[in-house]
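Sequence order for the protein chains is A and B.
Counting from 1, one number per residue, gives the positions in the first sequence under the working numbering.
Counting from 1, one number per residue, gives the positions in the second sequence under the working numbering.
In case anyone wonders, no lab produced these hints; they're calculated from the structure.
Remember, it's a predicted structure, so these values are computed and weren't measured experimentally.
One or more hints might be untrue.
With a cut-off of at most 35 Å between alpha-carbon atoms, the simulated DSBU-like pairs for lysine-lysine come out as follows [unchecked claim]:
id : chain 1 : residue 1 : chain 2 : residue 2
1  : B       : K51       : A       : K44
2  : B       : K51       : A       : K51
3  : B       : K144      : A       : K44
4  : B       : K144      : A       : K51
5  : A       : K217      : B       : K217
6  : B       : K217      : A       : K44
Stretch by stretch, here's where chain B covers chain A in the computed footprint (C-beta under 8 Å, at least three residues) [said to hold, decoys possible]:
id : segment
7  : 31 to 41
8  : 52 to 64
9  : 160 to 174
From the three backbone atoms N, C-alpha and C, an ideal C-beta is built for every residue, glycine too.
Number of protein chains: 2
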Amino acid sequence: MREQSARTAALVLCILSYLLVGAAVFDALESDAESGRQRLLARKRGEFRRKYGFSAEDYRELERLARQAEPHRAGPQWQFAGSFYFAITVVTTIGYGHAAPGTDSGKVFCMFYALLGIPLALVTFQSLGERLNTLARRLLLAAKRCLGLRRPRVSTENMVVAGLLACAATLALGAAAFAHFEGWTFFHAYYYCFITLTTIGFGDFVALQNDGALQRKPRYVAFSFLYILLGLTVIGAFLNLVVLRFLAASAGAPQRAARRASARRPGAPDSSRPGRAPRPGGSASAARRAHRLETCARDNLGFSPPSSPGAERRGEPDRPRARRRSI
Amino acid sequence: MREQSARTAALVLCILSYLLVGAAVFDALESDAESGRQRLLARKRGEFRRKYGFSAEDYRELERLARQAEPHRAGPQWQFAGSFYFAITVVTTIGYGHAAPGTDSGKVFCMFYALLGIPLALVTFQSLGERLNTLARRLLLAAKRCLGLRRPRVSTENMVVAGLLACAATLALGAAAFAHFEGWTFFHAYYYCFITLTTIGFGDFVALQNDGALQRKPRYVAFSFLYILLGLTVIGAFLNLVVLRFLAASAGAPQRAARRASARRPGAPDSSRPGRAPRPGGSASAARRAHRLETCARDNLGFSPPSSPGAERRGEPDRPRARRRSI
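In isolation and in its complexed conformation, chain A is listed as follows (with noise of 0.2 Å):
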């Protein structure tokens, strides 16, 4: 217990130490084109104001419309297709926010719809992942076998650099479409699909905003929602792939040693599940093994799994665990 709260401090002081060098770089990077941009604004600003004679009152008054008709710039986007398009914004979480409920009862749903949507959206992805890395290892291990490898085995090493190659290639694909369709440079295309893909979803560069293409290009818009739901099918992919792996490798061995620690104390506090008898028998090794799955699951998921009665109480010592290269 104690080694998990150590490595959650250690987390999160790298998790803010990441914010601040973040913070420092940005700052380097954007604060000077920042006020370029804002003292060219201003003087173009100046120039229409001397041409036009506006009061200052008028001016802000007339910004202020400009940016309420920002969102109807685009066309309708609450006619059936934009409302599906912003349906998808919200239950993947990217939430563009090109479009966003303007009514109090749009909010109240969108609200609700959220609630119960992206839990979905979640087990809907990790779901496709996980059949999209068994057929990837499934094709890799038939590519092996092709290649008259004599004990054809596809290690962990491979899933993670095919899916890297997944990625890259969804990225560049789509990159390559929308900088076709919406006349965008291949860098900002690709800048796009990234920030979609992520879910992070700015709205700097939203698709189906140019030409009416939500009312007016069918084939377009279809392929636009196929390429977000397929393309976070295969990020989802890769991250299961590698975060939950990587949740559950790395620690480990801190939670064992403070297990065995405590098992050796007799007394010592059960903090998970009291009252629960030991089951008899059992080979030392499954029992090991066992062990080792419950604790590792409860430790780096937050849960244990179904039907893992408390094992830990029989205070075996545990093996150190070899890192697993195979699949």
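Fit chain B to the known structure of chain A by using the hints.
Chain B in isolation, oriented as in the chain A frame:
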């Protein structure tokens, strides 16, 4: 495997239906209001144009200037406090978009920053959330003991209710605070907190954008950052408790049935780890438990925990899994 694919297909149909229903409802709620706002804006714009005698081109230029001036309206966004705020919206994937990198180097750095920062944040919130769940479990246990219960036990239902209350309290507290500091209604502030803590982050409501708060109100700035980070921890802890459990518990039966069927067929292909010899010995019950845990982890999380050799080759029949009630 076939059951897993059927489950995945069912989930995909489910999410597609959910998106269609959502689209229809948002269309019904927002479309008319959108047209109404658009007509009102067009009328006001016409009044201004008649008052000042704009050319169409000049008016478009004016609107463009107003759009570009929008990010500057709330003061500089890229000094240190603003950049830190931006960095938070990147690693948490909230991505309001109130500020987005204007320079290409800023965009490039942003992508690399997200690539490392998002997994780091995921692991940190996961870890913090698990600690929070552990603390909550202990507090609930202590509370039950104080209430004089003879064999106090914290059930999953207790934890879920506690989690729901914690989420609701977090949202309500945030709503009260931001309504006060930003001058929003309680409902809009609640909506802001909800959209932020689900990481959707439309950007229609963004804190720290009034009265130059980023530069002039350091304590409010610190509060906002802390609120976002702690609020995400609470939400993450609840998701950890509920969604991951559901993933583990709900999909067990189909895979066990499938594996039982395939294990009875001699020579049936094993898609996971060909070439591994089964481990010798072991009691039936401990081995079955380990087997269940491994398959549960593999099928639902898409990976096998480390040091879990292929037990599924044993071909032992599985007991039906009882749903766990206590943690």
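**Prompt:** For this structure, which hints from the list above don't hold up?
**Reply:** When the structure is compared with the hints, numbers 3, 4, 5, 9 turn out to be violated.
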